[in-house]
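S.K.: Sequence:
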Amino acid sequence: MWILLVFLAIPILEIALFVQIGAQLGVIGTLAEIFATAAIGLVLIRLEPHRNAHDVRAALDRDASPASPMAHSAIRMIGAVLFVLPGFFTDLVGFLLLLPPVRTLVLTQLFKNLRAAHRREETVIIEGEFEHRPDTDIPTNRRLDDQEKRD
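Under this note's numbering, the residue at position 39 of the sequence shown is numbered 66, and the numbers go up by one with no gaps.
Warning: the hint list may mix true and false statements.
Label-pair ranges, simulated between beta-carbon atoms [as the list claims (entries may be wrong)]: (1) Phe157 - Leu32: 45 to 53 Å; (2) Leu32 - Leu119: 16 to 24 Å; (3) Phe34 - Arg84: 36 to 44 Å; (4) Gln47 - Leu87: 45 to 53 Å; (5) Ala94 - Ile48: 36 to 44 Å; (6) Ala65 - Asn140: 27 to 35 Å; (7) Leu58 - Pro128: 29 to 37 Å; (8) Ala143 - Ile30: 12 to 20 Å.
Derived from the structure by calculation, the hints contain no laboratory data. All C-beta atoms, glycine included, are put in the ideal place defined by N, C-alpha and C.
Start from the sequences, fold in the hints, and give me the full structure.
M.R.: Structure representation (structure tokens):
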């Protein structure tokens with residue numbers, strides 16, 4: 028439900044920022060900012076696979092897990108995509124995701140939430156019996172067979 032609110036709130040926020048900031052920058056300034064950040068985002072998207080490969084290779088050379096460089100690369104890619112999207116709010120969030128301390132904070136919080144969600148999950152055990160029929164090689168549920176015999 029909260030994700031629906033985010034998808035509704037972001038365009039409204041972007042429109043409000045375009046009205047407020049666009050009035051100060053003017054049409055030319057607003058369009059220049061949109062095109063400049065989109066160009067920066069495209070350059071970052073294009074360069075990210077090379078940076079990712081370098082970071083992963085460096086992690087493997089020092090016998091470290093490549094998970095952290097790959098996670099940082101994913102966050103940098105999301106930041107670059109947000110740069111391509113037109114809007115002041117998405118540009119701000121994209122810029123923040125490019126900063127290493129912010130990426131570390133985001134990843135720490137994400138992994139903390141994933142661990143908590145994993146601990147909450149309970150294992151569900153469903154008990155049952157099955158019978159192997161040699162003529163079909165398909166295991167069948169004994170309870171269903173008993174019920175079919177009654178019908």
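S.K.: For this structure, which hints from the list above don't hold up?
M.R.: none
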